[in-house]
Amino acid sequence: MKLFRTTLLAFLLSLLGAAAPASAQTLLFRAAVVHTIANGDIADGEVLVKAGKIMLIGRGLPAKDAQIIELKGQHLYPGLIAPNTSLGLVEIGAVRATEDTTEIGTFTPDVQSWIAVNPDSELIPVARANGITHAHVVPSGGRVPGQSGLTALAGWGVEGIVAKRAVAMHLDWPDMSLDTRPKEQFSDSSKWKSPDDQAKDRRKRLKEIDDFFDEASAYAKARAAAGKDFKQHPAWEAMLPVVRGELPLIVHAEELRQIKAALHWSTNRNQRIIIAGGRDAALVADTLAKTKTSVIFEHVFTLPPRDSDAHIVQFRAVAQLHKAGVKVAFGLGLGSWGASGLRNLPYSAAQSAAYGLPEIEALKAITLHPAQILGVADRLGSIEQGKEASFIATDGNILDIRSNVKRMWIAGRETSLESRHTRLYEKYKNRPKPN
Amino acid sequence: MMNLFRQPFRSLLKLGLISLVAALTGLQAVVAPFPPPGQRPEPPGVHALVGARVVLKPGLTNENATILIRDGKIEAVGQNISPPADARIWVMKGKTIYAGFIDSYLTLDSATRPVQTTMTVPIAATSGAGFFGVPGEEKDPGSPGPGAPLGTITPEFRVARTYTPNVKTLESLHELGFTAGNLVPSKGILRGTSAFVLLMEGNPNELILKPDTAQHIAFDPRAAGEDTYPHSLMGVIAAVRQTFHDAQHHDKLKSMEQREQVFPFNPALDSLKPVLERKMPVILEPGSALMVDRATRLAAEFNLKPIILSSGQEWRRPELAKAANAAFIVPVNFPSLPKLPEPDDWDQVTLDQLRAWDWAAENPALLRREKITIALTLHGLADRKAFRKNLQLALDRGLSREDTLAALTTVPAALCGIDNQVGTIEKGKLANLTVVEGDYFDPAAKMHAVWVNGRIHPMAPSAPATDTKAKPSEKNTEVKTDKAAELRTSLGRLTAHSPAKFRGALTNPPALLIRNATIWTSGPQGRLADADLLVVGDRIKAVGKNLKPPAASAVKGFLEIDGTGLHVTPGIIDCHSHSMILGGVNESTLPSTAQVRIGDVINSETENIFWQLAGGVTTANLLHGSANPIGGQNAVIKLRHGAAPEGLRLEGAPEGIKFALGENVKQSNWGEKHTKRFPQTRMGVRTFFQNRFLAAKNYQVGWDRFRKQGGEPPRRDLELDALSEILRGERWIHCHSYRQDEIVSFLRLMEDFGVKVGTLQHVLEGYKVADEIARHGAGASCFSDWWAFKFEVYDAIAYAGSLMHQRGAVVSFNSDSSDLARRLNLEAAKAVKYGGTDENEALKFVTINPARQLKIDQRVGSLEPGKDADFALWSKSPLDSGTVCLQTWIEGKRFYDRTDAAQRATDLQKEREALLNKASKIIGLGGLEGASPSAQAAFFREVWEHARDQHVHECLDCKGHHDKP
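Protein chains in written order, with the numbering used here: chain R, 1 to 435; chain Z, 436 to 1400.
Worth flagging that the hints you see were computed from the coordinates, not collected in a lab. Check before you lean on any hint, since a few could be wrong.
Example chain R residues on the side facing chain Z (calculated, C-beta under 7 Å, incomplete) [unchecked claim]:
1. Gly93
2. Pro195
3. Ala310
C-beta atoms are modelled at their ideal positions from N, C-alpha and C, and glycine is treated no differently.
Given the sequences, and given the hints that come with them, work out the whole structure.
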């Protein structure tokens, strides 16, 4: 009985954490420029926030009872959203014990990322310090590694930081490239396969995907038809919202053949997908646009993949995608490297802007577009009425490296920008000169 | 020149190493043995071959001639010879007779592979040559018995010792017309000597015409075992270099009259004496186009007589092949187009692969156009039947028949020093003949027979000369013939461009004036608005306002650029790069590899040069990796796109060397297997350095004593040479370092030895000990903001650069990555962001500061009169994320221009499309019929020069030993 009461208390507390992150106060933000992202910039603009929600945007807003937040000379942007990251699942890449990114097994749709995000990871405040308010945390592993969730980069405890559970299911598209190394270069020559045999394996791997999704549909059908004693399986249960079209499917595909095959698969099955990675996406920009497939693009700074490519091929890729009508969000990819470097997300956008992407599109691709792609645009991604007050205030253009994020609010609550880095900086800045 | 070989044999005999009397007596016809009853009797030895078309030597043919053979030798040849009564008459009407073909690089064993050019940086590494390991756990160096300490250095090995003819192999060689060959050793780096043999059955004693034709060196980093030194290309070069120094030393000691100690027995070093005395040539297998240059330079260091085994890739740098000033032995193992399962799979075929395929058959003709002597070889051709078909391809691409015949007869005979016995049809030479029913260079003409040493070896009656022709079906024979002709026409034309077309200076004006730009001088003038930059020749003449063009403006080609709204900065300097290195950046086997030199393996071919020029980079410090406490020697280069490796070097840049501390060198992240090499702790790292520096000190003492007092010269040790240079202040340490404790303890140890450290690289916790670093005077060259990829960088912070700068250290930001190198200007902006460094000072992190750290600031790093005209032109402030590099200049030459780059990209695309069209046409015409799997695999053969171009993300020092993320 006592145990039950303790559990209940914990449960209620956690509910409280999850459901009431917003400040109940009324706040009036005054900034030199309000970048609404959705509806242009407002010079000397104001934003009125109540209970963590945006009430009004404009100039000369009613300030009655509102705490005024004077951001003199500063820019107000919506918080940045980082899609497709391992943030919170990994602390130090080389230390295995600190890694929770990658599960084993080929089809594990019932794996969930958001329950394993370490709220006190030192990497989170470092990302936050440069304006990232939300991270889309994604599991890695086999063909279907599981489900991703959206994490707010501030809050108490693992449940307190969840912004959205089950954002998407993930499908890691099989490698379609041929290993062209001659047999004698294999340390184990029995591993060598002819291109034709490799093509056969490739078809087999694609068929496995079809089989899995067919079986998921069959399960859904059987479940709907069956009575109470239906034997549930957590993996198939996890696939139900995908089959029903309720949960987006993010397909990780980089190279041209992968993206083409994934698009073909998606059209054939009438299964909407989002492409993550997308190294060669610009080569099929028109098909992506026609099928309204969005892209989480992670390869602005990847070296030109082909030796006949222009040296700026990746710098200009997103400009080309945009021109073709493809919605793009920027990401830095899964794994330790992308997580520890997440603060540099705006500079992928900046580089694309330097090579032809309109600046507003570059900004959208780190705010509104990821919100839309991840299904949270009703709450996040722009400064619009009714959305969450997740803002950053900067002393300059957020795309310019020299600018600094000065303050941050998540759902109306001001969040610290202190991090392991600022603490060490302060400590050693003040180190007395040794004799 | 070819009779020189008698001399070494005598000296070798004197040494009691060999006892081949037959070889000394020179030419000897094989005397027919007298077989016992029951065995087949020997055929008579007198023959008259009558009525043939006889090609006496390349360019000299006798129609309807007669050849007289007696006891293995040619007795006479000519048109008016009547056969003697004792001769067996062979009517040869309609046949062509050539001097028997010779392969100067004959490999009988399929295990002989070409130098392996696949360079994944080794994943595993412990101790190599068996020293420096935990006692009892050293790696087996694989060299039991006396000789060199490395299992791959076996110059004493003699192919002649083990040769026995094999009927099957002989038949396959006879079918192609070969009668003699130089059998080469197949294992190791310094491999041993080859033997010249007659390709017939018999007593090996009599078949070996020359037991030690040449010494062989293959620059193959895969020759040694997985964890064994040397395991990188630069390691291989260093090992060869050390061995020749040792051989010289050994010889010097031997020649000294009085010796106190017993002289050590060393057959390996003894065997190199004739090579060092130029009495025996060395056959070098460089493995790649650039290595041709390096291998011949190495040969020149020791005044060797080189012959080069072609990699088939000389088209990449024909001028280097020419400069080698040596004969080439050229394989004809041309790649075939591959069969790919799906049309989209062609997307993964690179332009370079298509070029290599298209150039392959052109390469022999190209070498001849460069006036290089060539011999042809079957080596590398897994499918020997393709030999004549490939010869035809080479002929169609312009190789002359005369040259081809010479490459199969007179040239290999001369290269092997045996042209007094074989190579032409003339009186007194061995009766080695190749007889064809028609013309050898028509693949359809059948081979008739070969004669070896006066003995006929007829072809099996049904053996087809070639399998190139598909069986004609009656209906469409004509169609097939047309198709075959069209195929031949397509294959016969070169479509690919030379890589040289896409590199080199774009403009080289005698003088240049940039007007009204914002000029970031990184010098005392600071940042100047609306200012001018005047360049005359390769130097900066003036920086300032309203500069007047000098008299040079009258000079034709004077250039003026309107810089309004634009920014000019000094060319960017990357203080830590691995981007232009050939064949592995880590010699990760031994804990000290001070003997290896990045300067031996500069890669001038990689696309990284162009990509980084496009980011304003003009100078880079190429460093060895961080797999060992003492890594290799560095090379500072300028990105003079188009220049060959030696032309990239920044002349006069002080020498340096890579050191490393911490997790990488103690193998913390290398896996459980790697726990045996010393050191395994930070304590041991310091101990190791102390040991090596004391070793170097003792070494110096030995040399000093020798220089003063004479006596026995000490052995030259290339590792300790490099460390001694550090002690003398002639070589600067660039030390990869992370944690504060290791940084300080390293600085203190070096201070104890009186050494000032050049730079601390990465120096991630340097901000914690910035005062100590500044006081020592070491430069700090760091990542701007990398952290948390391993435990020792958990305390790395983006403020480090600013903090160290504030405390008085000279700070630079480096790339350590082929990607980041393209945008170091934006890395500099992070010093503004994190810690508020002034913008001018921040830009210096990638201009004058790295120049100061590399002690090249007298020439580069700032825009000041008298300095090299190395600069970049930007659309906006170089620190603005929206900036784009418009032009990059080095020494007054424009190497990058954004407009030209766009055209370049279009041209590259066009070339690729043209090659793909050609490929598809050739496949349509049946060009894949008969293509062997090995020829198809050869299409994908990786070349060192481009092995590292396509890496998606690089962070070599993150993991220390391999470069996959």
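Hint check:
1. Look at Gly93 (chain R): its Cβ gets to within about 4 Å of chain Z, closer than 7 Å, so that hint holds up.
2. Taken as an interface hint, Pro195 (chain R) checks out: its beta carbon lies about 5 Å from the nearest beta carbon of chain Z, inside 7 Å.
3. Given hint, Ala310 (chain R) at the interface with chain Z, holds; its Cβ is 3 Å from that chain's nearest Cβ, closer than 7 Å.
Against the hints set out earlier in the document, no violation occurs for any number.
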